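Asks: Residue numbers (the working numbering): 1281 to 1428.
Since the hints were made in silico from the structure, they are not lab data.
There's no promise every hint is true.
To be verified - Calculated lysine-lysine pairs in the DSSO-like style (CA-CA distance at most 30 angstroms, straight line):
#1 Lys1362 x Lys1317
#2 Lys1425 x Lys1358
#3 Lys1386 x Lys1317
#4 Lys1317 x Lys1397
#5 Lys1334 x Lys1386
#6 Lys1317 x Lys1334
Note that the structure is a prediction, hence the values are computed from the model and not measured.
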Amino acid sequence: MEIIIIILGIILDRVTKIWASSSLTNSSVEVIPNFFKLEYLENRGAAFGILQNKQWFLIVFTSLILVFVAYFLIRYRKQNHKIINISLSMIIAGALGNLFDRIVYKYVIDFICVHYKDIYYFPTFNVADMFVVIGTFLLAIYIIKDGK
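Can you make the complete structure from the sequences, with help from the hints?
Replies: If you want it as structure tokens, here you go:
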């Protein structure tokens, strides 16, 4: 099941980024007025725009995190901890999706923009980011719930 989550996560991320690159580079799509739009952005940093133009650092850091997370996935895989396996697989899928962008394009393609009118804009993100955040959230809930 873990490999399926990783492969499907990467495919979903790639397909949406290819679509964003071909459809949103010269325009944006307002899905819900004053709240949600799709808008192409080349992110040369990390989350929230930090570490701009530090591609090699981000590639090395992401690769190290991937090795660390993969180690735990392999370690817990046979212990029947489904939520751990699912969450770690989601984190791996998201990290690989953004790592691919960093290596190939030298930036990450973001396109999902949540905002409130022109008052507040949450940082633009992508499907890979959603996989990492949801996977991390599930893992945190499991750790808190089981007290480990």
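Asks: For the pair supplied as a hint, Lys1362 and Lys1317, confirm whether the alpha-carbon distance does not exceed 30 angstroms.
Replies: violated, 34 angstroms
Asks: Keeping to a limit of 30 angstroms between CA atoms, is the pair of Lys1334 and Lys1386 held or broken?
Replies: With a Cα-Cα distance of about 10 angstroms, the restraint between Lys1334 and Lys1386 holds, given a limit of 30 angstroms.
Asks: When you check the alpha-carbon spacing of Lys1425 and Lys1358, does it fall within 30 angstroms?
Replies: Satisfied, since the Cα-Cα distance of roughly 21 angstroms is no more than 30 angstroms.
Asks: Please work out if Lys1317 and Lys1397 have their alpha carbons no farther apart than 30 angstroms.
Replies: holds, 11 angstroms
Asks: Measure nothing beyond the straight line between the CA atoms of Lys1317 and Lys1334; if it is 30 angstroms or shorter, mark the hint as holding.
Replies: holds, 28 angstroms
Asks: Assess, step by step, whether the Cα of Lys1386 is no farther than 30 angstroms from the Cα of Lys1317, and give holds or violated.
Replies: Measuring from Cα to Cα gives roughly 24 angstroms; hence the hint holds.
Violation of the numbered hints given earlier is confined to hint 1; every other hint is satisfied by the structure.
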